[in-house]
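There are 2 protein chains.
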Amino acid sequence: MLSFAEENYLKTIYHLSQETDSAVTTNAIADSLNTKAASVTDMIKKLSKKGVLSYQKYKGVQVSKTGEIAALQVIRKHRLWETFLVDKLKFNWDQVHEVAEQLEHINSDLLIQRLDEFLAYPKYDPHGDPIPDENGLFKSKPRVALDQCLDGQSGIIVAVKDSNSAFLKYLDKIGLYLGAKIKIIDKVEFDGSLEIQIDNKKSTFISKEVSENIWITE
Amino acid sequence: MLSFAEENYLKTIYHLSQETDSAVTTNAIADSLNTKAASVTDMIKKLSKKGVLSYQKYKGVQVSKTGEIAALQVIRKHRLWETFLVDKLKFNWDQVHEVAEQLEHINSDLLIQRLDEFLAYPKYDPHGDPIPDENGLFKSKPRVALDQCLDGQSGIIVAVKDSNSAFLKYLDKIGLYLGAKIKIIDKVEFDGSLEIQIDNKKSTFISKEVSENIWITE
DNA sequence: AAATATTTTTAGGTTAATCTAAATGTATTA
DNA sequence: TAATACATTTAGATTAACCTAAAAATATTT
Chain F
1 MLSFAEENYL KTIYHLSQET DSAVTTNAIA DSLNTKAASV TDMIKKLSKK
51 GVLSYQKYKG VQVSKTGEIA ALQVIRKHRL WETFLVDKLK FNWDQVHEVA
101 EQLEHINSDL LIQRLDEFLA YPKYDPHGDP IPDENGLFKS KPRVALDQCL
151 DGQSGIIVAV KDSNSAFLKY LDKIGLYLGA KIKIIDKVEF DGSLEIQIDN
201 KKSTFISKEV SENIWITE
Chain B
219 MLSFAEENYL KTIYHLSQET DSAVTTNAIA DSLNTKAASV TDMIKKLSKK
269 GVLSYQKYKG VQVSKTGEIA ALQVIRKHRL WETFLVDKLK FNWDQVHEVA
319 EQLEHINSDL LIQRLDEFLA YPKYDPHGDP IPDENGLFKS KPRVALDQCL
369 DGQSGIIVAV KDSNSAFLKY LDKIGLYLGA KIKIIDKVEF DGSLEIQIDN
419 KKSTFISKEV SENIWITE
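Chains F and B, in that order, are what the protein sequence lines are. At position 19 of the first sequence the residue is numbered 19 (our numbering), and the sequence of numbers has no breaks. At position 83 of the second sequence the residue is numbered 301 (our numbering), and the sequence of numbers has no breaks.
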């Protein structure tokens with residue numbers, strides 16, 4: 001059984017491990033969790049003793065198979081709760097993250113099973129991220145980040161990378177949402193910004209940074 | 219802001235204070251929370267410093283006005299979550315307590331407001347206990363414990379005192395539920411047990427201990 | 001490859017919440 | 001009311017999760 005803090009570390013390390021092919025570094029973990037490297041060293045020792053991480057001094061950590069299973073259960077809970085908050089309690093997609101960070105640590109198999117059923121076994125959360133099933137299995141939609149696309153290309157928004165509130169509010173403001181049709185009108189060479197058309201309406205401009213955080217179907 | 223542990227102490231002390239007219243003792247708190255008197259002394263010092271309890275060494279504690287408001291918010295959350303689990307997730311009334319003990323500490327005003335709305339502002343939880351509103355106000359139904367009733371008296375079950383799983387399962391088994399019609403056929407002088415009739419069906423016997431834990435309308 | 005910079009670990013300390021055992025206060029009873 | 005019993009508090013440890021500062025390992029530059 002993992003504690004609240006241990007679950008948070010494991011989940012974060014799992015996410016970081018998905019973004020790199022090498023081991024996850026102590027500093028990367030500390031940055032993600034807004035904590036200090038010394039605290040991370042303590043915790044990764046504990047988690048490797050528990051068998052969810054493999055760790056060699058000064059070489060970073062990797063998530064073990066049992067660690068992955070445990071991490072995916074936390075992620076499953078997080079994404080089910082986010083779906084509940086949006087679908088049933090009418091939260092906006094920018095309001096769910098903080099609350100789901102708390103709810104994901106509630107411990108009850110029956111609760112999660114029933115919640116999943118109540119939500120009709122959703123496959124994706126409000127940000128387009130896949131929801132692992134009770135065995136940790138999930139399927140991602142094939143997708144490309146908008147900054148990788150070419151002039152004239154179009155597609156449907158299937159996910160956003162960053163779920164921070166300010167970013168999501170900005171997307172709402174310019175009329176972007178999951179399922180929106182998007183077409184690249186022009187790509188500005190100078191700064192990588194894009195002129196895009198949403199749902200065949202009048203075009204807008206988005207920065208390269210924003211375009212890196214939006215995924216569309218290929 | 220109170221911690222998880224502090225909220226648990228405060229809620230428990232509030233409940234104990236409702237059952238007595240004098241101050242709540244250190245040992246009573248320790249028993250309720252399955253902890254030791256020494257731990258309780260430490261915690262009540264902290265809580266009185268925070269202004270939610272008033273405390274005099276060796277004289278027990280009383281819940282202050284601000285303490286009562288805080289306690290009622292925790293109780294409100296507990297009872298709303300229990301209602302959610304039963305009404306929406308089809309939990310049995312004997313399965314909700316443990317999970318609600320965790321959920322009651324989730325911190326989000328918006329969540330509770332929306333949950334209340336989603337449940338259509340319920341006034342009573344699955345055990346018949348009143349749910350305080352956002353200001354801590356609630357109304358109890360007038361009620362008598364079954365062991366206080368006389369031969370021939372009848373009424374509707376409006377609440378149960380104890381929400382422990384074994385007790386509630388037993389009630390299910392003998393056909394008792396909130397809203398059931400109950401009639402006292404005979405009161406056995408010797409041990410205080412009762413012969414009762416449920417919903418005009420064939421009669422059963424219940425012990426005095428059980429009858430003390432069932433409340434009916436007068 | 002030596003010097004320098006960066007990352008990671010270790011050593012030692014802090015805080016919250018718990019504990020046991022001993023000391024002290026309060027209550028009961030002979 | 002003195003003796004005994006019981007309740008409560010204090011003293012001092014323990015554990016988990018964090019911290020700072022210093023030491024050690026690794027990486028990068030010149």
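The hints are simulated quantities; they were obtained by calculation from the structure and are not laboratory data. Where hints are given, some of them may not hold.
Calculated from the model, a selection of chain B residues having no Cβ within reach of chain F, i.e. all distances over 12 Å [what the hints assert, rightly or not]: (1) Asn325; (2) Glu335; (3) Ala363.
To spell it out: a stretch of chain B is covered by chain F in this simulated footprint if at least three of its residues, at any positions, have a beta carbon under 8 Å from a beta carbon of chain F; those stretches are [said to hold, decoys possible]: (4) 245–252; (5) 278–285.
Below, simulated BS3-like cross-link-like pairs (lysine-lysine); rule was C-alpha separation at most 27 Å, straight line [to be verified]: (6) F/Lys90 to B/Lys306; (7) B/Lys420 to B/Lys341; (8) B/Lys359 to F/Lys88; (9) F/Lys123 to B/Lys391; (10) F/Lys187 to F/Lys141; (11) F/Lys123 to B/Lys283; (12) B/Lys306 to B/Lys341; (13) B/Lys306 to F/Lys88; (14) F/Lys187 to F/Lys65; (15) F/Lys88 to B/Lys283; (16) F/Lys90 to B/Lys359; (17) F/Lys90 to B/Lys379; (18) B/Lys387 to B/Lys283; (19) B/Lys277 to B/Lys308.
What you are looking at is a predicted structure, and each value in this text was computed from that prediction instead of being measured. Just so it is clear, CB atoms sit at the ideal spot from N, CA and C, and this is done for glycine as well.
Inset, instruction - May I ask which of the numbered hints given earlier this structure violates, with the numbers listed in increasing order? - result: 1, 2, 4, 5, 7, 8, 9, 11, 14, 15, 16, 17, 18, 19
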